[in-house]
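Colleague: Here are the chains, one letter per residue:
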Amino acid sequence: QKEVEQNSGPLSVPEGAIASLNCTYSDRGSQSFFWYRQYSGKSPELIMSIYSNGDKEDGRFTAQLNKASQYVSLLIRDSQPSDSATYLCAVRVQKDSSYKLIFGSGTRLLVRP
Amino acid sequence: GAVVSQHPSWVICKSGTSVKIECRSLDFQATTMFWYRQFPKQSLMLMATSNEGSKATYEQGVEKDKFLINHASLTLSTLTVTSAHPEDSSFYICSALQAYSNQPQHFGDGTRLSIL
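Taken in order, these protein sequences are the chains called A and B.
Here the first sequence stands for residues 1 to 113, where the numbers follow the numbering used here.
Here the second sequence stands for residues 1001 to 1116, where the numbers follow the numbering used here.
Keep in mind the hints are simulated off the structure, nothing from the lab.
Mixed in with the good hints, there may be bad ones.
Claimed, not checked - Derived SDA-like pairs: lysine to any residue, alpha-carbon spacing no greater than 25 Å straight-line:
id	chain 1	residue 1	chain 2	residue 2
1	B	LYS1041	A	LEU110
2	B	LYS1064	B	SER1009
3	B	LYS1020	A	SER40
Chain A extracted, bound-state conformation (with noise of 0.2 Å):
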């Protein structure tokens, strides 16, 4: 089993539309949770951080974490064409005394005009 998994998508969506991320990770002793978002060719951008259970939401994204379900989620509301990239799941775990992010293989996001 894969300590972090997504599904690889792509996930096509039309623009307005909410778009809905989902991620399932291994470790229950994480605490930390993030969705970074990567458009081709260049390197990870924070989108959102998450650490309590319930929703945390900014703008057009809502994260969403339930622990007992080791499950993280990502909407997007009112999606854009922009808004297609992949977008990363990471878990913050802690391996021999020190903390890694482990990354999820990202889920393509395709929004539609």
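With chain A's structure known, arrange chain B on it following the hints.
Modeller: Same frame as chain A, now just chain B:
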């Protein structure tokens, strides 16, 4: 916000050349820096973690003698790919962490390395 500068952004060189990539945290002190590699259509793979003033910790399968990491100060880490070969061609990205906390990691813009 926290800014991480990575240089160079693009390198093309002949097989056997050593290439040095710099990663700087511009407006914060990075206690820990991370080096990732990303092949086309794949996710980021952690290569090594470095703490200022100490030896880097390499992930399984990463050759420490080939990928030399130096983290001499709280704002600078370097990755040297020694005697690079075509199979080392990839997108290398550094990341910096401000403190031993829940702070998010901030990424540099990446270095695209092409070995001919």
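Colleague: For this structure, which hints from the list above don't hold up?
Modeller: Hints that this structure does not satisfy do not exist here, as all of them hold.
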